[in-house]
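J.: Use the sequences and the hints to build the structure in full.
Residue numbers (the UniProt record's numbering), protein chains in the order written: chain A, 1 to 297; chain B, 1 to 597.
Simulated from the structure, these hints should not be mistaken for lab results.
Treat the hints with care, as some may be off.
Unchecked claim - FRET-style restraints, in silico, Cβ to Cβ:
(1) A/V136 - B/E335: 36 to 44 Å
(2) A/T123 - B/E335: 17 to 25 Å
(3) B/A391 - A/I156: 35 to 43 Å
(4) A/A26 - B/T80: 54 to 62 Å
(5) B/T294 - A/V136: 34 to 42 Å
(6) B/V282 - A/I156: 47 to 55 Å
Every residue gets a Cβ at the ideal spot worked out from N, C-alpha and C, and that includes glycine.
The lines below spell out each chain.
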Amino acid sequence: MTTDTRTPETVAAPSGRSTLVLRRFARNRSALAGAVVLVLLFVLAFAGPYLTPWSYSHVDYGALRSAPSAEHWWGTNRIGQDVFAQTVRGLQKSLVIGLLVAVLATGLASLVGACAGYFGGWTDRLAMFFVDLLLVFPSFLVIAIVSPRLRSAGWIAFVGLLTVFAWMITARVVRSMTLSLKEREFVRAARYMGVGPFRIIWRHVLPNVASFLIIDATIQVGGAVMSETALSYFGFGVQPPDVSLGTLIASGTGAAVTYPWMFFFAAGLLVVFVLAVNLVGDGLRDALDPTAKGAAR
Amino acid sequence: MNPLLEVTGLDVDFDGRAAVRDVCLTLERGEVLGLVGESGSGKSATALAILGLLPGNAAVRGSVRLDGSELVGAGERELTRIRGSRVAMVFQDPLSAFTPVYRIGDQIAEAVRAHRDVPREQARSRAVELLDLVGIPEPALRARAFPHEFSGGMRQRAMIAMAMAAEPDLILADEPTTALDVTIQAQILDVLRAAQRATGAAVLLVSHDLGVIAGLADRVAVMREGRVVEQGTATEVFDRPRAPYTRQLLAAVPRIDTPRRPRPATGEPVLTVRGLTRTFPVHTGTVVRRRSGTVYAVDGVDLDVRRGETLALVGESGSGKSTTLFELLELTAPEGGSVELFGQRLGTLGRAEARALRRRIQIVFQDPMASLDPRMPVGDIIAEPLRAQGADRAVIARRVPALLAQVGLEPAHADRFPHEFSGGQRQRVGIARALSVEPELLVLDEPLSALDVSVQAEVLELLRRLKEELGLAYLLVSHDLAVVRNIADRVSVVYLGRTVEAGPVDEVFARPRHPYTQALLSAVPVPDPTRERHRTRILLPGDPPSPTRRYDGCRFRARCPLQADLTVDERKRCAHEVPEFEGDGAACHFARAREVL
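T.: Quick look at the structure:
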């Protein structure tokens, strides 16, 4: 019906939102730096064990608490384990746990919160009842009871447990934000154009709460690493001889002044990790928000 | 004797950006000066600068002299003394101008006492007097009400009463009627006129509405981009505009009194609505929620739209226009009455049929900023209905640039975001989105009311062109009767959720038969000072009644101007018998045509 002759052939097909967001992200220097650091951390964590002859559990009785040297790059701890080998091993665990818990918890929160807010009625009531239930459960106690049974499932089960107790408050906030978004005209417009409810949630609701979700996820990363430490301290989660950044920091804290290498390498890597995640998060937020000043077109 | 207000070389900057440049105005005692311009023209900034009410990031230069004393650079104490006692302000939004936790009467009494040393009791009785003066019924009782208990029109009256409290020399009215319906606007303008006569104050009336200015102002100043481009008496400016911008503005204003022959539509019916009803429950109680009442939002609306025809649905806010639209677009069975879209009855459709129907009916919303997802590039926004219909990538990639070109936008701008466009361009994006699936019926929900006059004219032209090119049918909802006259073929008037009159637009506008239609038409201001001042206005008393009640008989009878002339028996008929509405005509027992324009 409408063939317009004014359209020049040279006009490229409009790029979609995902391409635009990616382009804006790539143009943001600090975000890109954060992403590069993250990649480097992963390389260090997973290639590191092959660089050193020491394994994380091997005990070198000839070098107790020895300072960094050519043999033990980052020194050894008080029973003679190589700090470099231990740190990269711990980094592996913490990177994966931190990122997975943050992504899963935020994902679950946004799914439940957005659905509860968008559909309302019984969906809302049931979802919020469940959220409140989880909030009043003493999460520590539940993890303590459940985790011995999940020991065979390994750290993946642990990630699951941490996630289950980390998403409720975010979900409540997402729900209330969705409630106000639902009344906005563009959501109504999409509905009258025949767009399905889940598509509306995915394409209109979630991008408009993205700023909050991203900030929440970046905080969640650091939080997950730390709560993993707390749990490991009480004997759940990562258990010796296995290590995580959290357990390394916990055991090295006492020696921070006298034998700084036992503490500062692990702590430094954790700080770098959280910083990098924050940079990436900020970049993503600016890329998703077209009115942001930071990201130019 | 020097003039009451003399503004010379006024400059206002906001954070270094020029908002007002070299404005010179003079205002004599008892004179009404209309300051007119589009949004961003600096008219409000000028008014606020006179009172020294601009925010902290504004820099003011030049001179503002009130009765010879300089106000620019005057101390805060000096300004506070002048505000209220010599200069009073009437704002656009009266709800935010009253403190919500104090009674209206007390607030007016406070204004009286602030500038005159009278005992509390006397101030209070003066407040009641003032409320009576601005036409608030039962003023002694209403003085004890809180701001939220007043309707918008009543609040604006109370605001004027407060402005009169200190008997000022100058009243600044900044868009005093913009947030109100036309019949209420007519009441308020009347009150403003009365207030001006009673106090002998000069009025600086700021408005974007040329009709309002034409009716009230003795002299007019036209502003554009921070400068006054033309100044003169009202008749001079409106009849013999000198500045090209004024001419352009006057030409762009849609006028209610331009005759236009609508084309009679002969095509098959696209939309048929009979006796549509929609109610909303009212709940009370926080612990135990129970239904305490019902809002009869739509209560008997009839509509007929034929192929290639524009039907305008006209009514005041709260009359159920938008609810009617949203009921249609849900594509589900209506609560009461029947809706037939393209020959298919709503409520009998399967999923696939409903989906196919979605393609044929699309909507353009009122506020283009709110109806476009701020986080989506416009290319994706326009493609959304196509995606919902399952169009593939290649089709979308071809259609989007074509659609942008069709509504007069740059095809290359598809990857920009809504906030990068102006208001009119955004509305074009909204139109392109609706057109993307080649609908046959386009529902337009107040498509122009958020736009400036000159932009309105462009979008109106676009809609007219698209209708011609694509053979669309429009269902237009509007409270702006001038726009309706300029685009609609047929018009349907609703009052309190019920259709009261319908017919071809020239017929209804030239010879309205229902008293409500007559009042509505007579309330619309015409941008022509001579005609505007000699028209007979039918002022409706009071506010539209609450839709939470059902009324016996005619629901308009409480405000009906005909009631006074009816005999007792005739009145009884109005009170007990609901006037029927059939096809074209008026739902009134004593309908008679009357020319009001």
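J.: If a hint holds in the structure, say so; if it doesn't, say that too.
T.: Against the structure, the hints:
1. A/V136 - B/E335: 36 to 44 Å: With a Cβ separation near 41 Å, A/V136 and B/E335 satisfy 36 to 44 Å, so the hint holds.
2. A/T123 - B/E335: 17 to 25 Å: 23 Å, holds
3. B/A391 - A/I156: 35 to 43 Å: 41 Å, holds
4. A/A26 - B/T80: 54 to 62 Å: Holds, at about 55 Å.
5. B/T294 - A/V136: 34 to 42 Å: Given about 39 Å between the Cβ atoms, the range holds.
6. B/V282 - A/I156: 47 to 55 Å: At roughly 52 Å between Cβ atoms, A/I156 and B/V282 fall inside 47 to 55 Å, so the hint holds.
When held up to the earlier numbered hints, the structure conflicts with none and fits them all.
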